[in-house]
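Construct the entire structure; sequences and hints are all you get.
There are 2 protein chains.
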Amino acid sequence: MSIRKSRPESGARRIRRAAEASRENILNAAEALLVDQGPLALKLAEVAAAARVANATVLHHFGSIDGLHVALMERMIDQLVANVLAAVAAHDKAEPPEAALQALFDAFETRGAARLAAWLELTGEWRRLTHVKDAVHKIVAQRAERGDVSEALAADMVLIRAALAMGVGLFGRSLAELIGLPPGRTRQLAAALLRAQAAASKPKGEA
Amino acid sequence: MSIRKSRPESGARRIRRAAEASRENILNAAEALLVDQGPLALKLAEVAAAARVANATVLHHFGSIDGLHVALMERMIDQLVANVLAAVAAHDKAEPPEAALQALFDAFETRGAARLAAWLELTGEWRRLTHVKDAVHKIVAQRAERGDVSEALAADMVLIRAALAMGVGLFGRSLAELIGLPPGRTRQLAAALLRAQAAASKPKGEA
DNA sequence: TTTCTTATTGACATTTTTGTCAGTAAAGCT
DNA sequence: AGCTTTACTGACAAAAATGTCAATAAGAAA
Chain R
10 MSIRKSRPES
20 GARRIRRAAE
30 ASRENILNAA
40 EALLVDQGPL
50 ALKLAEVAAA
60 ARVANATVLH
70 HFGSIDGLHV
80 ALMERMIDQL
90 VANVLAAVAA
100 HDKAEPPEAA
110 LQALFDAFET
120 RGAARLAAWL
130 ELTGEWRRLT
140 HVKDAVHKIV
150 AQRAERGDVS
160 EALAADMVLI
170 RAALAMGVGL
180 FGRSLAELIG
190 LPPGRTRQLA
200 AALLRAQAAA
210 SKPKGEA
Chain C
10 MSIRKSRPES
20 GARRIRRAAE
30 ASRENILNAA
40 EALLVDQGPL
50 ALKLAEVAAA
60 ARVANATVLH
70 HFGSIDGLHV
80 ALMERMIDQL
90 VANVLAAVAA
100 HDKAEPPEAA
110 LQALFDAFET
120 RGAARLAAWL
130 ELTGEWRRLT
140 HVKDAVHKIV
150 AQRAERGDVS
160 EALAADMVLI
170 RAALAMGVGL
180 FGRSLAELIG
190 LPPGRTRQLA
200 AALLRAQAAA
210 SKPKGEA
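Protein chains in written order, with our numbering: chain R, 10 to 216; chain C, 10 to 216.
Please note that a few of the clues may not be correct.
One copy or two, either will do: identical chains are not told apart, so a pair holds if it fits within one copy or between any two.
[What the hints assert, rightly or not] Once the Cα atoms are required to be at most 20 angstroms apart in a straight line, the calculated EDC-like pairs of lysine to aspartate or glutamate come out as: (1) Lys52 / Glu186; (2) Lys147 / Glu186; (3) Lys142 / Glu186; (4) Lys147 / Glu33; (5) Lys147 / Glu40; (6) Lys52 / Asp87; (7) Lys52 / Asp157; (8) Lys52 / Glu83; (9) Lys52 / Asp75; (10) Lys142 / Asp157; (11) Lys52 / Glu134; (12) Lys52 / Asp115; (13) Lys142 / Glu55; (14) Lys147 / Asp45; (15) Lys52 / Glu160; (16) Lys52 / Asp143; (17) Lys52 / Glu107; (18) Lys147 / Glu107; (19) Lys147 / Glu55.
I should point out that these hints are in silico values taken from the structure, not numbers from a laboratory.
Right under this line is the structure:
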């Protein structure tokens with residue numbers, strides 16, 4: 010009477026990946042969930058279902074649901090930082106401000122980077138991720154170097170642009186929809202804002 | 010043996026409020042939790058404890074935890090809208106742009122209005138709250154009227170300013186802290202940005 | 001093939017969170 | 001005072017979410 014069923018009898022043959030590949034698979038599913046359903050969708054069962062593995066598999070690889078959260082945050086932060094650095098690097102080259110601005114906004118809007126940031130802020134989790142602080146400093150340093158400006162000015166630039174880009178990336182689409190304007194309108198306006206400032210700072214530089 | 014304890018015997022005398030006052034009390038506690046611990050802290054038990062009532066009392070007044078969430082969102086939205094409208098109204102009077110800008114940023118930063126917005130965005134809940142759409146239209150209309158500009162221009166102004174103010178309100182403090190600048194720096198820079206634009210739009214108006 | 005490692009899983013256990021209900025008591029009314 | 005209404009509560013039930021574990025099986029190595 011205490012005999013376990015010896016065969017799963019579910020037709021699907023079991024998939025076995027390398028540990029790293031499996032982690033990637035799960036993180037991809039989790040990221041997709043976060044991006045288009047919000048942080049509340051990051052339940053163990055939902056992630057497992059989206060990744061098409063058993064709940065226990067997720068726990069096997071990440072230890073706990075919190076472990077998954079942290080791993081996901083770190084991966085997304087790394088992606089975001091790489092994109093932002095690329096945007097900054099692109100800034101000094103051909104010097105078409107448009108392209109660099111687009112790249113910057115893209116970095117914060119694609120794949121829910123802004124949503125990640127919002128999540129980090131709401132939960133206060135970013136304080137525990139050393140990732141974040143290092144990344145920010147790296148960006149400031151690179152902007153100072155590439156843009157050939159003082160550290161202080163670079164810090165200001167990063168600060169205001171990041172705040173603006175996050176606001177646009179997180180709320181831009183929804184706000185435009187609410188007001189009845191096309192989805193890309195917010196980005197246009199934001200870019201115009203930065204251009205106006207750049208133009209004004211040529212005669213006399215502030216911020 | 011099936012006798013219930015007939016006396017609660019807990020020394021504290023039971024507090025009985027008018028229904029409306031009780032709802033307010035609970036909403037206040039919930040709002041405080043949301044603001045300084047994030048949406049994840051909005052559990053039934055935590056809210057009840059913060060409001061110093063029993064779990065069942067919360068359910069009695071709001072039906073379910075979701076009911077509480079909706080009620081809280083609506084109340085916070087109303088507060089935010091009132092503040093923004095006041096800021097817009099203040100704009101045409103004495104015409105010190107500084108004061109109006111400060112009021113605008115205050116509206117999005119105080120009492121976690123920006124955090125509310127982020128929560129609404131992340132969960133997608135704002136689509137179900139007719140509150141939001143009405144409020145936005147009211148703001149656009151009032152800006153067009155008070156600022157004596159076209160509807161289209163007013164819409165653009167509201168769009169970009171809201172996005173900026175939300176970005177600043179939500180991430181401003183944390184970003185400044187990360188970069189190593191004083192907490193109010195983000196607001197200063199944002200105000201400077203808007204001023205630069207206003208200056209540039211005098212000769213030829215765009216956005 | 002046989003052996004070995006370990007990714008994978010279902011069944012189960014535990015914890016957390018939400019919801020129900022009958023009974024209690026505080027305030028207004030007659 | 002008694003009566004009525006209903007805010008309030010503890011005890012309990014139900015549901016949801018997380019975590020444990022022993023058994024299974026896929027792939028690589030021997």
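Legend entry - Violated constraints from the hint list, given by number and in increasing order: Those not satisfied are hints 1, 4, 5, 6, 7, 10, 12, 13, 14, 15, 16, 17, 18 and 19.
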